[in-house]
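Protein chains in written order, with this note's numbering: chain A, 1 to 372; chain B, 1 to 232.
Derived by calculation from the structure, the hints in this document are not laboratory data.
It should be emphasised that the depicted structure is a prediction, and the values quoted were computed from it without experimental measurement.
Be aware that one or more of the hints could be misleading.
[Unchecked claim] For the chain A half of the interface with chain B, some residues (derived, Cβ under 7 Å), not all of them:
1. A15
2. V173
3. L177
4. G205
5. T206
6. E208
7. R209
8. P214
9. L215
10. S218
[Claimed, not checked] Rough simulated footprint, nothing fancy, chain A against chain B, three-plus residues with beta-carbon under 8 Å:
11. 104-116
12. 172-185
[To be verified] Here are a few chain A residues that face chain B, going by a calculated C-beta distance under 10 Å:
13. T136
14. E201
15. L204
16. M211
17. A212
18. Q216
19. E219
20. L222
21. L226
Every residue, glycine too, gets a C-beta built ideally from N, C-alpha and C.
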Amino acid sequence: MSGRRTLAITGRVLAQFRHDHRTLALLLVAPIVILGLFALLFQTDARPAVLGVIDQDSGPLGAAMVQQLDASDLVTTHTTTLDLAGPALDAGDLDGYLLLPADLSATALASGRIAPELHLRGTDPAAGAAISRAVTTAALAAAAGLAPSGGGARLPQVDLAPIYLFGGADLKVLDLLGGPFIGLIVFFLVYVVTSVSFLRERTLGTLERLMASPLQRSEIVLGYALGFTLVALVQAAEVLVFSLWIIGLHNAGNVLLVFGIEVLLAIAAINLGIFLSTFARTEFQAVQFIPLVIVPQILLSGVLVPVANEPGWLQVVSNVLPLTYAVDALRAVMLEGRTLASGDLLLDLGVLAGFCAVVIVAAAATLRREVA
Amino acid sequence: MAVEAIDVRKRFGSLTALDGVTLRVPGGQIYGLLGPNGAGKTTLIRALIGLLTIDGGQITVLGGRPADSDVLARTGYMTQAPALYGDLTAEENVRFFAAIHGGGDVDAALRLVHLEDRRRSVTATLSGGMQTRLSLACTVVHAPSLLLLDEPTVGVDPQLRVELWGRFRSMAANGTTIIVSSHVMDEAERCDRLGLMLGGRFLAEGSADELRRLAGSERLEDAFLALSQAAS
Numbered sequence: 001m002s003g004r005r006t007l008a009i010t011g012r013v014l015a016q017f018r019h020d021h022r023t024l025a026l027l028l029v030a031p032i033v034i035l036g037l038f039a040l041l042f043q044t045d046a047r048p049a050v051l052g053v054i055d056q057d058s059g060p061l062g063a064a065m066v067q068q069l070d071a072s073d074l075v076t077t078h079t080t081t082l083d084l085a086g087p088a089l090d091a092g093d094l095d096g097y098l099l100l101p102a103d104l105s106a107t108a109l110a111s112g113r114i115a116p117e118l119h120l121r122g123t124d125p126a127a128g129a130a131i132s133r134a135v136t137t138a139a140l141a142a143a144a145g146l147a148p149s150g151g152g153a154r155l156p157q158v159d160l161a162p163i164y165l166f167g168g169a170d171l172k173v174l175d176l177l178g179g180p181f182i183g184l185i186v187f188f189l190v191y192v193v194t195s196v197s198f199l200r201e202r203t204l205g206t207l208e209r210l211m212a213s214p215l216q217r218s219e220i221v222l223g224y225a226l227g228f229t230l231v232a233l234v235q236a237a238e239v240l241v242f243s244l245w246i247i248g249l250h251n252a253g254n255v256l257l258v259f260g261i262e263v264l265l266a267i268a269a270i271n272l273g274i275f276l277s278t279f280a281r282t283e284f285q286a287v288q289f290i291p292l293v294i295v296p297q298i299l300l301s302g303v304l305v306p307v308a309n310e311p312g313w314l315q316v317v318s319n320v321l322p323l324t325y326a327v328d329a330l331r332a333v334m335l336e337g338r339t340l341a342s343g344d345l346l347l348d349l350g351v352l353a354g355f356c357a358v359v360i361v362a363a364a365a366t367l368r369r370e371v372a
Numbered sequence: 001m002a003v004e005a006i007d008v009r010k011r012f013g014s015l016t017a018l019d020g021v022t023l024r025v026p027g028g029q030i031y032g033l034l035g036p037n038g039a040g041k042t043t044l045i046r047a048l049i050g051l052l053t054i055d056g057g058q059i060t061v062l063g064g065r066p067a068d069s070d071v072l073a074r075t076g077y078m079t080q081a082p083a084l085y086g087d088l089t090a091e092e093n094v095r096f097f098a099a100i101h102g103g104g105d106v107d108a109a110l111r112l113v114h115l116e117d118r119r120r121s122v123t124a125t126l127s128g129g130m131q132t133r134l135s136l137a138c139t140v141v142h143a144p145s146l147l148l149l150d151e152p153t154v155g156v157d158p159q160l161r162v163e164l165w166g167r168f169r170s171m172a173a174n175g176t177t178i179i180v181s182s183h184v185m186d187e188a189e190r191c192d193r194l195g196l197m198l199g200g201r202f203l204a205e206g207s208a209d210e211l212r213r214l215a216g217s218e219r220l221e222d223a224f225l226a227l228s229q230a231a232s
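So here's chain B without its partners, still in its complex pose (with noise of 0.2 Å):
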């Protein structure tokens, strides 16, 4: 198992945000995290990369702990937010979360987000949705092992959205594990296995085929409110 996470347990004061969350991803699958806003999707994967500690359960990532260095030098951690440096040009910035993480392609992880030519463009001046491929291009610039992607096409236009998807589908043929939350039920589709996540806990597991077995429904979209429904 990539990563292997079991009964993980977060309170935020009165707030439960996981409530007893189990999953196992192995090597090389691309797992998509679906729920809504406040489902415990972000807080999932930012207790996956040790960004918060957890109040109970266990987390495997990689064969070690999450926030050992070893651990991190090998996940890409892709933000919701396009987290960049706004005065620093678009290759400063590839560069620079290349060189933290030990090294990486940054002409292949510009031209993977399309954006050679942009390369010494400030990336304050780029768009809103260049600046989000800008992100992915630093997220996967060291050729990691593991990617933790969140919401990672929110502003990207449908062509782009496609292709990237087919990279992501490369890089998992390759080996690589990806972790993705979305609430576009296109991307779900394309993920190998789907999460239904709702108030800190997974609602249903499985395949978008057997998802929509599972509830009956034609569409991912139906099968996941009624399995929502159905859960409250």
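If we strip away everything but chain A, and leave its shape as in the complex, we get (with noise of 0.2 Å):
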């Protein structure tokens, strides 16, 4: 063991990093990014559910029992009718709905019941369960406090059988998250894969051979972007029968339109690898850009922390970035059955067919002759 030559290599790593100042800059810039986001996105508290509240009781409990929401820390109520509130729980501006009956007090008198009707929208299982539980305990509360003084009066028994619009009562937070993640695990591997392998082509030197070759820049990225689609398409098939037959994802719609969800992320994953490998020189700056563009737009699609949580400036940069589109478009379809009738997926759709045009483009475009 020579300690000379031990320096001799340590010497080496650190003059490296000195002429490489973008991995330096990078390794000092991306967590201070990274961890930012972590910040921003869990900095507030869990957005409070949203729950509709009608109030048709004759007696005095219903009222109680709004009174009782409205404080409560689990929920955040509006006063809604039937007639607005089945469309909302379905556009996702409500988390549930509460129906009291014109004879919820009455019931409870007679029969020690509290049986009012809960709606839940079923696709995030943590508003679900707040809901139920600050309907409980207003329920508990609010007959507590109606109740004559003096006690000797049983305590009334809360009746909630929520009626689910969509998932259900075994829906686990695994669904919530996998199904967007059978999209991002697709984007993010073949993004790695087309970038390395499109910079291998310039490093190799076969690219200069390419562009001195009849080839239109646009039949490179064209035919990349076509070779790459056809693995990439036996990928997302594997992907997702894994997730649904073997780990056994809930999944309310159409297969094959989570298929199609996948292959417009696998065309985007690929395009965006061929146009940022046109900014990177070697294989090892292709890579960097993954905690630079990969990672955060992973953070910011709503797949962990849903998009309205975020703080307003932070909302609208989620909102153009593509996998934020995708994570909508999984979560629509798998969560809740919705087809190509549905105009918000159609949306989902739109931008992320749009944007692999985009960067099918930049990429042609930014793909120079001059190679050296």
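Reassemble the complex: the two chains are provided individually, in unrelated frames, and hints are given to aid placement.
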């Protein structure tokens, strides 16, 4: 063991960093970007679930429950009507709505049962649980407040049998995250493989040969995209089969639609890989785009924290990133069972397709004939 | 003229790579670009194939402009390092380069460089010299009218080098124009005409005999050194 030889290696490593400012900058900048995003995403407490309330109770219990719910930290309540509540639940403006029937007080008095009608959206297990807990607590507190002083009255029983619009009681957090992750995994892996292999074309000098041939830049980009898309199709199918039939992810929608979204994401990743690799000189630098371009996109896509929970300016960023639309589309299909008849889903798919078109053109435009 | 470059200039930042180069090569000629590293040989070749935009001057190649796709379809360019797909077989490499140039005789190209028995070998497993030969096969597979060869025989053993030059000769006899850069003087002897480059310009031009006479030396190597010294 020679200290001098060891230090020679150390010195060389440091010298390389001195010559590669980009790597050094990445080491210092990337953690700030990623941790900063984490802080922004998770600094606000979870957004309270949004509950619509329709109070038709002819007795006092309904009003007392509404008062208790208004004071709850678990939910934000909105007074609504039956006509409005259904569509709002479908659109995702409400996580659930509570119908307090005309005989709520009467039934409670007669049988000791408090039985409101609870409708849950069913796509977010955490929101559903918060609403159920808030309603139960409010019912018990309201009943206790109305009970004649002096005690003796037996505690009423709260009967909640939530009616789910989508999903259901057995929907797990896995189902909420799993669908979007199908897309994110395909996007991430396809990006890495494409950008590195395109960079190899540059570093091995074969790109120079291609440029010295009658090939048009658009032919190179399209040919590449087509080749990688075919491989990505196989990967997307494998991921889908594994997710749905081995892991058993909840899928309420059309499998082909899920596959279609995966394919759009793969095409976007391929062309993003080609496009960004024109800004890198080595495979090493292409991989460095991952913490700066890919990870923030995943964080901001709404997969972990809903976009609506982000600070306003960050929502603007999320809303221009293609992954956000992919996550939304995958949830719309897999959790809500949406079809192409849904305007929101069409918007998501349109944005993804538009992004693909933009990066294909950008990749062809940035591929310069002057390779060196 | 197969190739005509007039007063070509190219700068990379503060470095003048081509400083007013004029070159005329008629069809069927083998033209040798000689000069030390950094003389501008590679830059000139890359300008002729349109891989870099020149800052001044004019270039006409096969009657068109460099980088015109019909010009590129009739040109073969061999880079200094053998730029090949290492994970493809020898034959797959040649087939690919034939396809992007509009087709060619893959078997003939492999035979030319004596790699017909290694056609199924993965390129990365070939020796350095074999890769250089394969690179040449990829360059000539589409039977180009103009060959631009950037130090094509580096790492090739003397026997094969003699043979390759024989092939270049017969291609030239069939009308192929060849511009070849080298700093191997015995190769220079085989060219119809030579240009000695230094510092991005031509010091002298002529046949090997003419250059020797000009410098008053017996050997081409001495002639080149004498001409370089006289210039600086």
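Outcome of the hint check:
no.: 1; hint: A15; in the structure: violated (23 Å)
no.: 2; hint: V173; in the structure: violated (42 Å)
no.: 3; hint: L177; in the structure: violated (37 Å)
no.: 4; hint: G205; in the structure: holds (3 Å)
no.: 5; hint: T206; in the structure: holds (5 Å)
no.: 6; hint: E208; in the structure: holds (6 Å)
no.: 7; hint: R209; in the structure: holds (5 Å)
no.: 8; hint: P214; in the structure: holds (4 Å)
no.: 9; hint: L215; in the structure: holds (5 Å)
no.: 10; hint: S218; in the structure: violated (12 Å)
no.: 11; hint: 104-116; in the structure: violated (count 0)
no.: 12; hint: 172-185; in the structure: violated (count 0)
no.: 13; hint: T136; in the structure: violated (63 Å)
no.: 14; hint: E201; in the structure: holds (9 Å)
no.: 15; hint: L204; in the structure: holds (6 Å)
no.: 16; hint: M211; in the structure: holds (6 Å)
no.: 17; hint: A212; in the structure: holds (4 Å)
no.: 18; hint: Q216; in the structure: holds (7 Å)
no.: 19; hint: E219; in the structure: holds (9 Å)
no.: 20; hint: L222; in the structure: violated (13 Å)
no.: 21; hint: L226; in the structure: violated (15 Å)
Checked against the numbered hints above, the structure violates hints 1, 2, 3, 10, 11, 12, 13, 20 and 21; every other hint is satisfied.
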